[in-house]
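Going line by line, the protein sequences match chains A and B.
Reading the first sequence from the start, the letters are residues 1 to 321 in the working numbering.
Reading the second sequence from the start, the letters are residues 1001 to 1331 in the working numbering.
The hints are simulated quantities; they were obtained by calculation from the structure and are not laboratory data.
Some hints here could point you the wrong way.
What the simulated footprint calls covered on chain A by chain B, stretch by stretch (three residues with Cβ under 8 Å from a Cβ of chain B suffice, anywhere in the stretch; the number is not a length) [to be verified]:
| # | region |
| --- | --- |
| 1 | 218-229 |
| 2 | 232-243 |
| 3 | 283-289 |
| 4 | 300-311 |
Here a beta-carbon is modelled for each residue, glycine too, at the ideal position from N, C-alpha and C.
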Amino acid sequence: MDIATLVQVLDSTLRLATPLLFACLAGLISERAGVFDIGLEGKMLVAAFMAAAIAFVSGNVWIGVAAAVAASVAMALLHGVASITFRGNQLISGVAINFLAAGITVVIAQNWFRQGGRTPSLSGDARMRRIDLPFAESVRDVPFLGPVYHGILSGHALLVYVAFLCVPLTWFVLFRTRFGLRLRAVGENPAAVDTAGVSVVRLRYGAVAICGVLCGLAGAYLATGLSAGFVKDMTAGRGFIALAAMIFAKWRPWHAMGAVLLFGLLEAVANRFQNMEILGLAVPVQAMQALPYILTVVILAGFVGKAIPPRAGGSPYVKEH
Amino acid sequence: MTAIKPLALTASVIALSAGLAHADSTPALMFDLGGKFDKSFNEAAYNGAERWRAETGGSYREIEMQAAAQRVQFARRLAEAGSNPVVVMGFQNAPTLEEVAPDYPDTSFVLIDAVVDLPNVRSVIFAEHEGSYLVGMLAAMATETNTISFVGGMEIPLITAFACGYAQGAKAVNPDINIIVNYTGDTPAAWNDPVRGGEIARAQFSQGSDIVFAAAGGTGLGVLQAAADAGLRSIGVDSNQNYLHPGSVLTSMLKLVDQAVYDAFSEGPGLETGIVLMDLAAGGVGYSLDEYNADMISDQMQEAVEAAKAAIIAGELGVHDYRTDSVCPAF
Chain A
1 MDIATLVQVL DSTLRLATPL LFACLAGLIS ERAGVFDIGL EGKMLVAAFM AAAIAFVSGN
61 VWIGVAAAVA ASVAMALLHG VASITFRGNQ LISGVAINFL AAGITVVIAQ NWFRQGGRTP
121 SLSGDARMRR IDLPFAESVR DVPFLGPVYH GILSGHALLV YVAFLCVPLT WFVLFRTRFG
181 LRLRAVGENP AAVDTAGVSV VRLRYGAVAI CGVLCGLAGA YLATGLSAGF VKDMTAGRGF
241 IALAAMIFAK WRPWHAMGAV LLFGLLEAVA NRFQNMEILG LAVPVQAMQA LPYILTVVIL
301 AGFVGKAIPP RAGGSPYVKE H
Chain B
1001 MTAIKPLALT ASVIALSAGL AHADSTPALM FDLGGKFDKS FNEAAYNGAE RWRAETGGSY
1061 REIEMQAAAQ RVQFARRLAE AGSNPVVVMG FQNAPTLEEV APDYPDTSFV LIDAVVDLPN
1121 VRSVIFAEHE GSYLVGMLAA MATETNTISF VGGMEIPLIT AFACGYAQGA KAVNPDINII
1181 VNYTGDTPAA WNDPVRGGEI ARAQFSQGSD IVFAAAGGTG LGVLQAAADA GLRSIGVDSN
1241 QNYLHPGSVL TSMLKLVDQA VYDAFSEGPG LETGIVLMDL AAGGVGYSLD EYNADMISDQ
1301 MQEAVEAAKA AIIAGELGVH DYRTDSVCPA F
């Protein structure tokens, strides 16, 4: 494998890992607060649609991103109402969000744009521009630094950098702030938090709303950064891969970054090396494409060890009387 | 019980008169999962139906499904409603018609893209390999890097036939040309994942390809977009997609699905059944040339392609169809 190939694969890895990273951190924060969320996929899908639709109508991608975040937060709060206020089953509520999103995006898109459940293609300012990092051009020919900085790190949309900045931010908020301490406590032992006089419901709603914001950014990046418009079901299972990454990372932000980079790398490799020969044996395309999923199973079953979710995860909090 | 008898009688009278009314019944069109406005296969069918409506002033029924589970149900509903002929889109509907068509022997069905051997079914198939051969020639003549590529939706015989025809055409122009063939995935999501389509196209560009041919439904839109973003060229499929990115889409491999639908609607109930092969000779496949790509196709290129087209029609030049033996001589 030559340098150019390696640079291309790693460059692609960063792009593919970004929506996974947003979604993974979203799930992480929600579940740390004790609210399981398998509706990441649905929230991303709604966000992707809103981002594309509003960016197309307004001609400005950032208005689209704002709309995407708003729509995703609305879906997240719906999940919150069902599972926090009404103490419904969190898994069922999450599944409902996914179904709702898959249907409602296509119906609204069809009614609005009459293009069979897709938005028109975006162009110009309705798409996220790629950002060249400072000095990227000048270090281009420097050995090692050039390919890494110019080839891999530079030239992505703003949200890619935001996603990776969210990792230390999430870590800091969770482990170095009072809000983070309470958030983690509410996922482990909500009764103790309640006894200390802190509202469990409010904390959980806060976590769910943050989850909505991050899913909104993930969807917006998919529709306006990675592609140019919304196509039905365009999230294509990325919300579930993000969930797997979260478990793989055992609900820890830095490990989450490592996990999504691994999944991104696997997808990039599967895209790039479809006709590979190993020891003279041609590997079929299908095997290469199944690789990320096979490895997910292998990693989760064999290498992670015991992944213990937050203790109060999945159970609604009922105050004792 | 006596009260029911006349009721049942009236019902059968109504059914009879309804049956008579169907003598000049409305045709119907059932789209495949890609949806009516996929800018490609299904949209071509819609355009054919609309052309028929504009020319004859008639009306037709149409139905779009949301899930594979609805195939049989919707086909049945159209036949039940008295539609005739019922045009059904997509190779994945072959089992649908095998199940539904025998139950409605008086209804004519038309299946686009696959063969079902039943007395009341017309199977329209296209010689995609011949059309792909022509766009493969154009790609080989237009490339500056001596490398061209292909993105297919799924590795199935139909899509591989596109790739194989494309490769044969390219190698006919330049035997040393490098051809990269990739597929998006092996689940239905492969037809609706423009993100992955774009990433695969970029990976191909990094391997030196400067022209990419996409036969992947909605995923193809991501491929065309990636080519336009990179300042390279692409080839569209099924419908004329030249207008999507003027100056970037070199040409489109046309499949005249609209013609097949138009013909079926025009012939009406009792149309001739059996296999209809839409090949180059029948004008069923081809390449697009319009104001959006005229600057990119030189006279010389056009002459070469037209010569090959004439040779294929005359039977002097054979293009191998991958579907016959699952082997491609050009890979």
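Quiz item: At a Cβ distance under 8 Å, does chain B reach at least three residues of the region 218-229 of chain A?
Solution: holds (count 5)
Quiz prompt | Verdict on chain B covering the region 232-243 of chain A, where coverage means 3 or more residues with a C-beta closer than 8 Å | solution = Since 5 is at least three, the answer is holds.
Quiz prompt | Verdict on chain B covering the region 300-311 of chain A, criterion of 3 CB contacts below 8 Å | solution = violated (count 0)
Quiz prompt | Coverage of the region 283-289 of chain A by chain B (three or more Cβ within 8 Å) | solution = Answer holds; 3 residues pass the 8 Å Cβ test.
The structure fails hint 4 only (numbered hints given earlier).
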